[in-house]
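Trainee: In case you want the letters, here they are:
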Amino acid sequence: MTIRVALCGNPNVGKTSLFNALTGMRQYVANWPGVTVEVKEGVRSWKGHQLIITDLPGTYSLFATSLDEKIARDFLLYNTPDVVVVVADALSMEQGLYLLLEILELEARAILVVNAIDEAKKKGLIIDKQELSKHLKVPVVLTSALTGEGIHELLDCIVSTASTEQKKVLFNFSDETEKMIQQLATLIKTQVGESASRWFAIKYLEGDPHTVKQLSQFDLQSTVKPGSLKSRIARERYDHIQLIVKESVAAISKELSMSEAIDHVLTHKFIGIPVFLALMYLAFKFAFETVQPLSDLLETAFGRLADLVRAHLGDGMIASMLADGVLGGVGAVLVFVPNIFALFFLLGIMEDSGYLPRAAFVMDRVMYSLKLSGRSFMSFLLGFGCSVPAVLSTRGMLDTRERIVSVLSVPFISCSARLPVYLLIASIFFSRNQGMVVFSIYLLSMFAAMISSLVLNKVIFKGQRSVFILELPRYRLPSFKNLALYTWLRGKHFLVKAGTIIFVSSLVLWALMYFPNPNDVTQSFAAQIGRAVSFVLKPLKFDWRASTALFFGVAAKEIIVSTFGMLFNTTDEGLAAQLSQLFDPVTAFSFIVFVMAYIPCFATLATIKSEIGTKYVVITIFYSLFIAYVLALAVRMMGGIFV
Amino acid sequence: MKFLLLIEWLAAFLLFFLMLKDDAMLAFCVLIFSLIYLFGLLESRKDPQRIHAHGMVGGIMFFVAAVLTFLNDLARFELKFNLSRTLLILLGLVGLIQARAVRKQFK
Numbered sequence: 001m002t003i004r005v006a007l008c009g010n011p012n013v014g015k016t017s018l019f020n021a022l023t024g025m026r027q028y029v030a031n032w033p034g035v036t037v038e039v040k041e042g043v044r045s046w047k048g049h050q051l052i053i054t055d056l057p058g059t060y061s062l063f064a065t066s067l068d069e070k071i072a073r074d075f076l077l078y079n080t081p082d083v084v085v086v087v088a089d090a091l092s093m094e095q096g097l098y099l100l101l102e103i104l105e106l107e108a109r110a111i112l113v114v115n116a117i118d119e120a121k122k123k124g125l126i127i128d129k130q131e132l133s134k135h136l137k138v139p140v141v142l143t144s145a146l147t148g149e150g151i152h153e154l155l156d157c158i159v160s161t162a163s164t165e166q167k168k169v170l171f172n173f174s175d176e177t178e179k180m181i182q183q184l185a186t187l188i189k190t191q192v193g194e195s196a197s198r199w200f201a202i203k204y205l206e207g208d209p210h211t212v213k214q215l216s217q218f219d220l221q222s223t224v225k226p227g228s229l230k231s232r233i234a235r236e237r238y239d240h241i242q243l244i245v246k247e248s249v250a251a252i253s254k255e256l257s258m259s260e261a262i263d264h265v266l267t268h269k270f271i272g273i274p275v276f277l278a279l280m281y282l283a284f285k286f287a288f289e290t291v292q293p294l295s296d297l298l299e300t301a302f303g304r305l306a307d308l309v310r311a312h313l314g315d316g317m318i319a320s321m322l323a324d325g326v327l328g329g330v331g332a333v334l335v336f337v338p339n340i341f342a343l344f345f346l347l348g349i350m351e352d353s354g355y356l357p358r359a360a361f362v363m364d365r366v367m368y369s370l371k372l373s374g375r376s377f378m379s380f381l382l383g384f385g386c387s388v389p390a391v392l393s394t395r396g397m398l399d400t401r402e403r404i405v406s407v408l409s410v411p412f413i414s415c416s417a418r419l420p421v422y423l424l425i426a427s428i429f430f431s432r433n434q435g436m437v438v439f440s441i442y443l444l445s446m447f448a449a450m451i452s453s454l455v456l457n458k459v460i461f462k463g464q465r466s467v468f469i470l471e472l473p474r475y476r477l478p479s480f481k482n483l484a485l486y487t488w489l490r491g492k493h494f495l496v497k498a499g500t501i502i503f504v505s506s507l508v509l510w511a512l513m514y515f516p517n518p519n520d521v522t523q524s525f526a527a528q529i530g531r532a533v534s535f536v537l538k539p540l541k542f543d544w545r546a547s548t549a550l551f552f553g554v555a556a557k558e559i560i561v562s563t564f565g566m567l568f569n570t571t572d573e574g575l576a577a578q579l580s581q582l583f584d585p586v587t588a589f590s591f592i593v594f595v596m597a598y599i600p601c602f603a604t605l606a607t608i609k610s611e612i613g614t615k616y617v618v619i620t621i622f623y624s625l626f627i628a629y630v631l632a633l634a635v636r637m638m639g640g641i642f643v
Numbered sequence: 001m002k003f004l005l006l007i008e009w010l011a012a013f014l015l016f017f018l019m020l021k022d023d024a025m026l027a028f029c030v031l032i033f034s035l036i037y038l039f040g041l042l043e044s045r046k047d048p049q050r051i052h053a054h055g056m057v058g059g060i061m062f063f064v065a066a067v068l069t070f071l072n073d074l075a076r077f078e079l080k081f082n083l084s085r086t087l088l089i090l091l092g093l094v095g096l097i098q099a100r101a102v103r104k105q106f107k
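Just so you know, the protein sequences line up as chains S and W, in that order.
Note that the first sequence ends on residue 643 in the UniProt record's numbering; no numbers are left out.
Note that the second sequence ends on residue 107 in the UniProt record's numbering; no numbers are left out.
Since the hints were made in silico from the structure, they are not lab data.
Using N, Cα and C, we set each Cβ at its ideal position, and we do this for glycine too.
Be aware that one or more of the hints could be misleading.
[Stated by the list, open to error] A few chain W residues facing chain S, derived, Cβ under 10 Å:
#1 M25
#2 L31
#3 I32
#4 L35
#5 G40
#6 Q49
#7 G58
#8 K107
[Claimed, not checked] Below 25 Å or equal to it, Euclidean Cα-Cα: the simulated BS3-like pairs (lysine-lysine) are:
#9 S:K129 with W:K107
#10 W:K104 with S:K122
#11 S:K609 with S:K70
#12 W:K21 with S:K269
#13 S:K179 with S:K168
[To be verified] Quick look at which bits of chain S chain W covers, simulated, 3 or more residues with Cβ under 8 Å:
#14 90 to 99
#15 206 to 213
#16 290 to 303
My request is simple: use the sequences and hints to build the entire structure.
Mentor: So this is what it looks like as structure tokens:
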């Protein structure tokens, strides 16, 4: 028998961990809300049954206000799974129970899972599952996705619930509210069917915009105003939930918990932001200075390999293609693998421990003045890894204006693809302060994204400031498994790119540099393209070689390094010596500032297109190019004054 | 606890000046972490848990700074044992012991 199971719950209650434990899959689990922005599916065989388990994005209610909440709601409404598993956090069950009461209105076969039971036990909380089940009239399972406690019991429970007959378990509102719901449900029964009519009636009375729009064909406004019972419905449900929790959960003392104690300091209004910046600086110092000897080793290894190829194959086309194209191009990018993995490892510790949402929380004050919320800051933080998931993460934003502004500003955040360019330039021109220079570029990128948001909000999108509601996750010791998975998944992206896009681009670039005259790169096709572009970049003092690198770097930023690797390895002089002749320190810094801000890669542009439309892709290209030009010019001019 | 925080804050403040010439950015990180102790000193004595929270988090921060600095020196084969490095490692070790001892105060 095939059983279709939907896994839903509030954000960051451990749905994805539970999904992994149930299916044996390895979806990355973050310790912050809003990680799952799309539906994920996994299959598990259990006692002769095939369970198709769907992990839905986190939602606080079925009152879908953001895109990820709408995805979850539409799935429950229109895909009607056999069993709905509602996951609630053992340490704050109220919001999870609210969602359960809403789902029960859909007359679904539901199971309540109280997750993180191990942490509840540690804090001296006792949860009486029989009592909970008695009040809610649904099976209750206590689980810990971390230790695996209750997972088999949950699988058994899913199988037994799926085979039981569907029964109505509805929450009874007060007489007055019930009367209004019944009246309205009768009116819409003929259109949507008997079972869903009550759900639609409640949603209409709550003022759910999608339901109000759907029911606009009926003349319901004369009977009752949409949203007229919104606060009453919520209050009655919460009153009921508080009674249930009081009956089922043992009381706790007033002492500060470990998380509260740490939060008292890390979200402090005066030192919260400086501590965050200091920690980020230490992370960058580790990734770009401490790990540098490993990168140097790799660089030497690729150099030796290229020499070996030349020694064995001579000076022919094949030798040039392998030594200059493949080893020079791809190798120039791969030498930065240790730095990138080290950075992701440390960011993983911050994320898995639960610190990053606190960073979003403390930055919310700054973001609020830019008419954004801490949620945008979380997208910005994701952008340090890759702009694609950062753009996707804006789906959780309630306000369309905020979403568009964030999508247009996210590409300014320095993604890992730009890192090799910064490291290459910093190691040559600022070797004594490499970590500080790269950190300053990251700070500048954050600053550019924030200023961009402010300008867009003031000039184009004039709207209200949005409110940021974030449930802070508990602190936890990062698990090595999760940390390794995080580092690998983020770093793998870089390796895959090196083996695919960068490899192919390096070969194309090599061909463009090799032909028509293999002995003179200045006459190559690539040089001609670079010269055609360079007149625009002349005020920035970027010559045809820098222009060529920037031109091909639009596809993927790492290609800038590959291009330099190939352009300068064609002579006897080393890359560092050649680049030293190409740039002075001021031009070098303005070059990395330009790289930081100019046109995002093709993958990001494609994501922007699919998320908010083609119009915004065009805007992004011209807008980012303009900002990059202005910033690089400003650096050049200021540098000219001081140096 | 407040006395210990005062000693640690003074030591951290001294460390900031000692490091300023060699590594200004790291010195500023130390200064920021020292503020955690300073704000702990400003907490009311009636709420000892909050004072302990500053001791615990400050201790962890100094431990992290000490470990990362040690690893950085190790990677460059430049193990330094001057006054500033010794003080940083000392603050890190005391911070770790303090954080482990103080954590028992919380649920």
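Trainee: Which hint numbers doesn't this structure obey?
Mentor: The structure breaks hints 12, 14, 15; every other hint is satisfied.
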